[in-house]
Amino acid sequence: IDQETGRTLGLELIPKLKKTFEDKRFLVAIAGGIVPETAEAALQKGADILVVGRFVTQSKDIERAVRELLKLTPKMRKDIDLFRVHTE
1 IDQETGRTLG
11 LELIPKLKKT
21 FEDKRFLVAI
31 AGGIVPETAE
41 AALQKGADIL
51 VVGRFVTQSK
61 DIERAVRELL
71 KLTPKMRKDI
81 DLFRVHTE
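For what it's worth, this note's numbering labels the leading residue of the sequence shown as 1, then goes sequentially.
Please keep in mind that the hints were generated in silico from the structure rather than gathered at the bench.
Below, a list of computed lysine-lysine pairs in the PhoX-like style, where the Cα atoms sit at most 25 Å apart:
| hint | residue 1 | residue 2 |
| --- | --- | --- |
| 1 | Lys45 | Lys16 |
| 2 | Lys18 | Lys45 |
| 3 | Lys71 | Lys60 |
| 4 | Lys45 | Lys24 |
| 5 | Lys45 | Lys19 |
| 6 | Lys71 | Lys45 |
Note that the structure is predicted; figures quoted are calculated from it, not measured.
Turn these sequences into a full structure, and let the hints steer you where they fit.
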C-alpha cells in the first residue's frame with residue numbers, strides 16, 4: 001500500500017486485505033510518508049512491513065530516527081537475527 005498517494009484510504013485497507021485473503025500467506029507492506037505516528041498506526045492495523053525512507057535519510061540525527069522507529073517494534077527484539085537485519 002502506498003500510504004503517500006492514498007493517505008486517507010491506505011491504512012484502512014490493511015484489515016480489509018487481511019480479512020479478504022486470510023486463507024492466503026502474504027505480507028502487507030506500507031510505504032510512503034512513514035513517520036513514527038503513521039508507522040504505529042500501520043502496525044496496529046496489521047501491517048507486516050514498513051518501508052521507511054525520508055524520515056531516516058533526511059534526518060539530522062539518523063540514529064535517533066531509527067531508534068524512534070524501532071521502539072514501535074518490541075516483538076522484533078525476540079528474534080535477534082531479524083533485529084540485526086533491520087539495524088545493520
